[in-house]
Structure formats: structure tokens, C-alpha cells
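Asker: Spelled out, the chains give:
2 protein chains.
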Amino acid sequence: MQHLSIDLGTRSYPIYIGAGLLADRALLERLLPQRNVLVVTNDTIARLHLPALLRGLGDRSVTTHSIPDGEAFKTLDTLDTIFDALAAAKLHRDAAIVALGGGVVGDVAGFAAACYQRGIAYLQVPTTLLAQVDSAVGGKTGVNHPAGKNLIGAFHQPSGVLADIATLRTLPPRELRAGLAEVIKYGLLGDVAFLDWLEHSLDQLLACDEAALEFAVRRSCEIKARIVAADEREHGQRALLNLGHTFGHAIESATGYHEWLHGEAVAVGLLMAADLSSRLGWLTAGDVGRVKSLLERAGLPTSAARVGAARMLEFMTMDKKVQDGRLRLVLLSRLGEASLRSDVDATKLHATLQQFAGP
Amino acid sequence: MQHLSIDLGTRSYPIYIGAGLLADRALLERLLPQRNVLVVTNDTIARLHLPALLRGLGDRSVTTHSIPDGEAFKTLDTLDTIFDALAAAKLHRDAAIVALGGGVVGDVAGFAAACYQRGIAYLQVPTTLLAQVDSAVGGKTGVNHPAGKNLIGAFHQPSGVLADIATLRTLPPRELRAGLAEVIKYGLLGDVAFLDWLEHSLDQLLACDEAALEFAVRRSCEIKARIVAADEREHGQRALLNLGHTFGHAIESATGYHEWLHGEAVAVGLLMAADLSSRLGWLTAGDVGRVKSLLERAGLPTSAARVGAARMLEFMTMDKKVQDGRLRLVLLSRLGEASLRSDVDATKLHATLQQFAGP
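Here the protein sequences line up with chains B and L, keeping their order.
Residue numbers for the first sequence follow the numbering used here, beginning at 8 and rising by one.
Residue numbers for the second sequence follow the numbering used here, beginning at 8 and rising by one.
Just chain B, with the same shape it has in the complex:
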């Protein structure tokens, strides 16, 4: 079992990474003192992992609430069903939510915890690679709006994150690959040595080698923890974690959140960020080729040909990083180092959009 912590003063919390943690009663006792719990999950995850978690939760009073699976259900309506479940179980401020599932479950359940009775505790128990390395860590919660992804939400830190590597063995291969897009993101934005390691270890990761996955999750969380601790509410460098995401969100919004997995859209977004960075003279064509080849080896898409440049730009201007009407983009000053730019040449941006999203 690996252990690290997110250093946020009174809102600090631990992340535990390892195989078989779901049923670890002693660990759950430490992370979750609350006796009354609502587990938010979905039917697929519940079938696979709820029995182990219930063993871990021991003699607590537990109610389970399933929400529909998929980004298309990350809505205010789904959120409202969680409020109904919390009220029906007569839970109060001293109760906690446990979010058992992927990014959708974690984001919506975390947002419910942020709003119910103006804020109750919650524990993140991510069961997808994407959630373990990204969405479960850092306190961003929320739902989508027709005008944009995660447009409605709150910063609400969990009281802990429990990343059980064993759950990744039950992931559909497509979801494992989507999670690898976020892992690759950390190498690109914060640690070129980790990027090297990923190029060497990709086959082991794809084969669900436990030690490789544990290291990948841990290193990703470390990079994220460092950035979040320095800028919890995204006034500055936390925006770097959105490398590839302004492009990726636009792909998801333009296609209605059901065609693309989040990580797949991010994969294309990472390559677009690399491409635009090379047009601006910061990366070499070789660097871009390296990114593309790693994404391809991971089985991830590298173009969004049918979306269209104009439509992508429309959604990009609704992005939360827009400031004073200027589009701000996270780009790569070199492999392993990202920077936030609001002065990107419109012609070069358009060239990248056209190349990857079509006319």
C-alpha cells in the first residue's frame, strides 16, 4: 500500500493506493469516522465492488444509491436524485457520502456532499484509472450544463481517497486506455522522467500489471497533489492540470457527452496542445511525434475529424479559463513543462483546429 497526502491546511487529506483496500476495515475506520453513510455508485460498479466495500464499512448504517452510468447523466437531475436519497435516509450534517465509481460518480456525489445541508463529508473510492489519477483527487466536483462541461460545481475536498488498484482489473480495456490519457498528461505537464517511464512501461500498464499501475497512480497523484496544494482554487498554476482539456471538453460538448470517453477526448486534446506548441516553436516535430506515438500505442484516438474547427472554437470560448474575453490555453513550453498562455496567435490555433477537427 502506498500513501501520500494533499497538503491543504485544515482541508488536508490522505490518499491510499493499493490492491484490496475496499474491504480494509481498519483503513476505513481511520478515513471515515461517520456512522451514517450513503454510498453513491452505479449498477455495474455495485455488482463488481459493493460487496467488498460493505465488508470494509462494517457495522455502519449504510444506504446505497445507484445513478445511471455515463457522462450524459452528470446532470442537475441526477444530483437531485442523490438529494432525495439523502433526505429519504434522514441523513444529517454528521453523515458522509462514499463515492464508489468512476469520474461521473465521484463528481456528482462530491457535489451532492458539497451542497447537502451546505456541506457534509465524503470519501472518494475511485474504481477507474481516470478517477484514481485525476477526478477523485483535488476537490473539484460538479455537473455538466448544455453550455459546457463541469459548468456547475463546487470546490469541496474529500476527507480521503482510497484507490484500490484491484478494481482496475475489472475495467473494460477502453476505459483503462482512457485513463492512461490522463496519466500521460502528468508526464507531459510535469515530469519528463515519468514520460520516459511510461514509454517503457506501457505494455505492463495495458496488461494491468499491479506494480506498474500502483506506481503510475502514485506518481500521477503526487504531481497533481503538488499543484493542487499550491493553488487549491485555480487562481493560477492549477490550470496547468487542464492540459489538453480545453480542446477535449470542446470535443465532448460538441458531441453531447455520449460518443467519446473523457480520456479519449483528452488524448486528442493533448496532441492538439502539442501540435499548437510546435507551431509556436516550443516543441519540435519529433516531440509531437513522440506524443502521438505514445497515445497510439495506448490505443487512444489522435483526431476528432468530424467535429469541425468552428464548432470546437464555439465551445472553447465557453471554457472556464476564459478571462476578459481572452481564450487561455495550456500549452507545452517543452516536454515535461506546461504553461498557461492567453496570447496565442489565432491563425495558428485555427490551423491546429482544422488539422485535428476538420473544417
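Hints listed in this document are in silico derivations from the structure and should not be mistaken for laboratory results.
Treat the hints with caution; some may be incorrect.
Same chains, same label: a pair holds when it works inside one copy or across any pair of copies.
What the hints assert, rightly or not - Below, in silico cross-link-like pairs of lysine to any residue (SDA-like), each with a Cα-Cα straight-line distance of 25 Å or less:
| no. | residue 1 | residue 2 |
| --- | --- | --- |
| 1 | K97 | T82 |
| 2 | K97 | S166 |
| 3 | K97 | H357 |
| 4 | K299 | H357 |
Once you've looked at the hints, dock chain L against the given chain B.
Answerer: Showing chain L alone in chain B's frame:
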């Protein structure tokens, strides 16, 4: 013009109280640096006060969004219409909401500001007495849920409060009286000299005397500011501000939020808290008579005969102050001093419920 401030470290903000502040451009320039603004209001208030506010907002880019009037519309659905308006106006994190109206407008608009893009700035411009002395101050925002009032919400402090006393002249008398219930609450829970002053000045307040209203708003805000500064997120003494509210919320919930004004339900709640306090030996019958007489002189109700004790108790157990299954009530240790109790004798509570809410 009076001026005080809520001392909350980096979240501190000023409250301005006076006649004619809505159109004060210099003041608004200081309170609201944002250039892009969504004004949330309702049709009645817009007709009366929007023109003055628009003069005050000067050359900003302003969009106006009306929500339906009344507590019954303090819902997630209404909240969603504000998100739609924010997105349609393409507002970003650097925009602000201005809440122009009573408690419903302020609570819903403030909650929208808390959630949109995970939090944008907002200015409270309360136009009812109740909102000026209570709901606009202290950062509690939220909406109702069928299972309870304000069950869904956030702590999100405004960047300022602008209480224009002149707007109170346009209030229906019933709403002015409802606001006086909250003013009387401050005397009861925090300052017996203010209670004396209210007994002497009630006729001037009911006649909308400007100086009397300005003092009443200022003194109420001072008492609230002191308590909120000491306990922003209601871990302890902030709960004292809920004097009369556990009973009052139950009346509102049981009657579906359309029959009673919030302040009217609080008035009955204040008297019930006084009655129960006297049953516990803390107040004299004379004290209770004094509270009842002041409420009656203010034209406020002093019983909720048709609600029923059992139904009230049911809603009271959903209250946010319930902890470890124990009902916590704010009672009066003497006139001018409240205290939070979780050890109230069930028989005595039931006697109070029966006396004021019927069997």
C-alpha cells in the same frame, strides 16, 4: 449612510445602509469592480427598483434575469434557469451576479454564484426588511427541498451588501411586519437594550420612519456580523441565529411554503421558543407575555393552530441542526441571551407544540 463590515479574513466584506444607495455609482464602483453582470430579480422588484440600480451600474454590460416570486419557487428548477441565463450571456469567472430583491432572490442568486464555474462573485442588494437584516448577510445561500427548507445550499460570502432603506417604503405592510420578526429576534437573542428600543420605536418602524429603520437594520446587522465573524460555517454559536427557526421552518415545510411568509413563521417560532424556555424555568411568564405583546403589536401571528404537533415534530427532525439523532433547539436563557440545547425534555417540547400547533 451607515457602514459596517463582516470580519472574515480574506472573505471580509462591507455592508452599506442608507436611503438612495441603489443609484450611487461611486459606491457601486467600489463594491463591484466586475464589468459583466447578471442582475437576478423578480418582476415586481424590477418594476420598482431596477431603473435606479441600472443607473448605479453605469456603463457595465448588464443582463437581467427574472425569477418567479415566492418561497415556493426557491427550487433547483429556478436555480437552473439562472445557470441558463449565465451561460446564455456567456459570462465567465470574472463576471458577477447582483441579487436585487428579497430573501428568495438573494438565496437562489447567491447559490447560483456559489456553483457557476465553481464560484463567481455576487453582490447582495436586499429590498425587503427581512433580507436587509438577515438573509443577505452572512453567506448562507441555497434552495428548498420537499424534505426541508434550505436543505441544499452553500456557504458563499457576497463581495458586499447594499441595503437601500428607501426600498422599504415600497414594501407591502405584511412583508414589512414579517421582516420585523427577524429584527425582534436579534433583540431576543443578543441585546435586551435593543429589545427595549424596539418596544419604544415599533410605531415609527411600522410607519417606515427612515431613521428608525436605518438604526434597526444597522443594529440587527451588527449583532449578526459579530456572530457570523466568530463562527462562519455554523460549527457552534452561529446556530443561535436560528432562534425561532426550527419551529418556523417546520411550519413553512408543513404548509408547503405558500401560506406563510418566512418572517411570520419565525414570529410564531420565537414565541414557541420563549414558551418552551419558560416551561424549562429560564424565562418568566411575564417575559413570554412581553414577547407575545411585541409580536402582536407588530401585527405578526402568534399561533399555527392548524399545523398539528405531530407534523411539526416530523419536519423538525429533518432540521440541519439535528446531531447524532438528537434535536437541538435554540432557546432563551433570558431575554437578550440565547443558548443551544440538545437535552430538551420531550414532554415539555410536546406541550409547547400542542399549545401553538394544535394536536
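Asker: Compare the structure with each hint and give your call.
Answerer: Verification of the hints:
| no. | hint | verdict |
| --- | --- | --- |
| 1 | K97 to T82 | both (23 Å within a copy, 20 Å between copies) |
| 2 | K97 to S166 | within (21 Å within a copy, 34 Å between copies) |
| 3 | K97 to H357 | between (53 Å within a copy, 21 Å between copies) |
| 4 | K299 to H357 | within (20 Å within a copy, 71 Å between copies) |
In the structure shown, no violation is registered for any of the earlier numbered hints.
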